[in-house]
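Trainee: So you can see what is in the structure, the chains are spelled out below.
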Amino acid sequence: MPLIKCENLCLGYDGRTVAKDLSFEIERGDYVCILGDNGTGKSTLVKVLTGLAKPLSGMIHTDFPLSEAGYLPQQTDFQKDFPATVWEIVLSGCLGRKGFFGFYNSEDKKTARENMEKLGISELSSRSYKDLSGGQKQRVLLARALCAAREVIILDEPASGLDGKSSEEMYEIIDSLNKDEKMTVIMVSHDEEKSLKYADKVLHLGKTQFFGTHEQYEIFMKEEKQRS
Amino acid sequence: MESLMNYFSYPFVRYAFAVGILVAFCASLLGVVLVLKRFSFLGDGLSHFAFGIIALAAVFNLSNNLLLVLPCTVVCAVILLVSGQKAKIKGDAAVAAVSMSALAIGYLLLNIFKTSSNVSGDVCSTLFGSHAILTLKMSDVIICAILCTVAVAVFVIFYNRIFSVTFDENFAGATGVNVKAGNLIIAVITAVIIVLAMNLAGSLLVSALIVFPALSAMRVCKSFKGVTVVSAVISVVGTALGLVLSILFSTPVGATVAAVYILIFVFFLLAGALVKS
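Chains A and B, in that order, are what the protein sequence lines are.
So for the first sequence, the working numbering puts the first residue at 1; every next one is plus one.
So for the second sequence, the working numbering puts the first residue at 1001; every next one is plus one.
Don't read these hints as lab results, they were simulated from the structure.
Please read all numbers here as calculations on a predicted model, not as lab measurements.
Watch out, some of these pointers could steer you wrong.
[Claimed, not checked] In the DSSO-like style, the derived pairs of lysine-lysine whose C-alpha atoms are separated by at most 27 Å in a straight line are: (1) A:K130 with B:K1037; (2) A:K179 with A:K118; (3) B:K1222 with A:K118; (4) A:K98 with B:K1276; (5) B:K1222 with A:K109; (6) B:K1037 with A:K98; (7) B:K1037 with A:K80; (8) A:K54 with B:K1037; (9) A:K130 with B:K1276; (10) B:K1222 with A:K110; (11) A:K118 with B:K1225; (12) B:K1180 with A:K54.
[Stated by the list, open to error] In silico contact screen, one side only, chain B against chain A (beta carbon under 8 Å); selected entries: (13) L1036; (14) V1152; (15) F1155; (16) I1157; (17) F1167; (18) N1170; (19) F1171; (20) G1173; (21) S1223.
For each residue, glycine too, the CB sits at the ideal point set by N, CA and C.
Model the full assembly from the supplied sequences, consistent with the hints where possible.
Mentor: Laid out in structure tokens, this is it:
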């Protein structure tokens, strides 16, 4: 049983279709990166995989409750000066498992503490989110995603807006989550070179779609170049 | 001091304090969410809309206009906030269009169907809330207390969800929080509090009750909880002080409370700058 199975997905928004006939299977432990130019439906696919949007047509089957995918969305503008402590934000990742009231118990707090430790942000706990550097902010949001995640994390441009060193660190962290914590990673990225360095499967969106292993992708790209 | 004690022997003064502080307290909690969600002007738009409906109620000689104003404003808030993302005219422009239409048509109606000899006096008191807060009856106080209690209860029960949705709608939605329902609840509470708070500050100044406590608290607080608690305290202290001053110096209630809020904001602005440097 694959973790995620998509058959003939058709994606779009506002009545516009951005991707058609998308079929792929993601197994447990995979590290998949989603590549493609702007407007090819990368973000829409992420929205569908996290349950935020519905596909126009096609089937999507997940072997886990959608609310248990750890999601790292792109940062929005107004978050930059949001008055919240690191602790408040990380803890809010546990909300998906809560019932009607959404009050946290000691187990949630333990989960939050562990994930902060994992990402090396324990000392930042009482700092305000708006005072952090870009790389630290991204770690906070990743820790929050890990609180929600049981086995899958879905990352939308995790290194966007980061400088070279922080972005390198971010990719290292994600890689260790995949290798050491056995997390399935699904990542949208602009940085083809960096993401290919770590990912073992590639989903390429665009005029010609591709899904396969890293090695197959390199052959596919060579053929594409010869064709054009 | 003695004269103040004297004033408190009148029930209408006690009612004014009870309703004023309750409503300002609710408005400040809501303000934290609205300011952070970049919806500050929603309160302004809704209060102008409510002005239009009050004018309509006056034309039809309705004795208890709350029954008309409250549901209409709730519907307006729901339409503005929930359809916000999909509508052709978006966010701030939609709010501006609705509020200006309501103001203009309301004032026109009042002038065409003159219901009292002093239209401009009536309009002024609805816009600036000069004495509405001092003419409350016991029944008004009870209605207000019930609605405010419900609003605060919702805020406390859903506090963690409200935080999550305010900070990051996308993440909240992905973890299974019902973002649409959350926005709906926020819209309904906003409308209710605005209509109640118009008694205190009138339709033009009611936004002051919403934005200033949150803005002041945001200057100095690092956490969401801190901002929430500090704005609640600011609202209670500021409103009580404003009411006392307006009684002692017989100044208009709404403008006095708003002025106190502004002073508090300036104080926090300076405090915030000092802390940083």
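Trainee: Each hint needs a verdict: does it hold in this structure or not?
Mentor: Each hint tested on the structure:
| no. | hint | verdict |
| --- | --- | --- |
| 1 | A:K130 with B:K1037 | holds (15 Å) |
| 2 | A:K179 with A:K118 | holds (14 Å) |
| 3 | B:K1222 with A:K118 | holds (24 Å) |
| 4 | A:K98 with B:K1276 | violated (37 Å) |
| 5 | B:K1222 with A:K109 | holds (20 Å) |
| 6 | B:K1037 with A:K98 | holds (23 Å) |
| 7 | B:K1037 with A:K80 | holds (12 Å) |
| 8 | A:K54 with B:K1037 | holds (25 Å) |
| 9 | A:K130 with B:K1276 | holds (13 Å) |
| 10 | B:K1222 with A:K110 | holds (22 Å) |
| 11 | A:K118 with B:K1225 | holds (25 Å) |
| 12 | B:K1180 with A:K54 | holds (15 Å) |
| 13 | L1036 | holds (6 Å) |
| 14 | V1152 | violated (15 Å) |
| 15 | F1155 | violated (13 Å) |
| 16 | I1157 | holds (6 Å) |
| 17 | F1167 | holds (6 Å) |
| 18 | N1170 | holds (4 Å) |
| 19 | F1171 | holds (5 Å) |
| 20 | G1173 | holds (5 Å) |
| 21 | S1223 | holds (4 Å) |
The structure is inconsistent with the numbered hints 4, 14, 15, although it conforms to all the rest.
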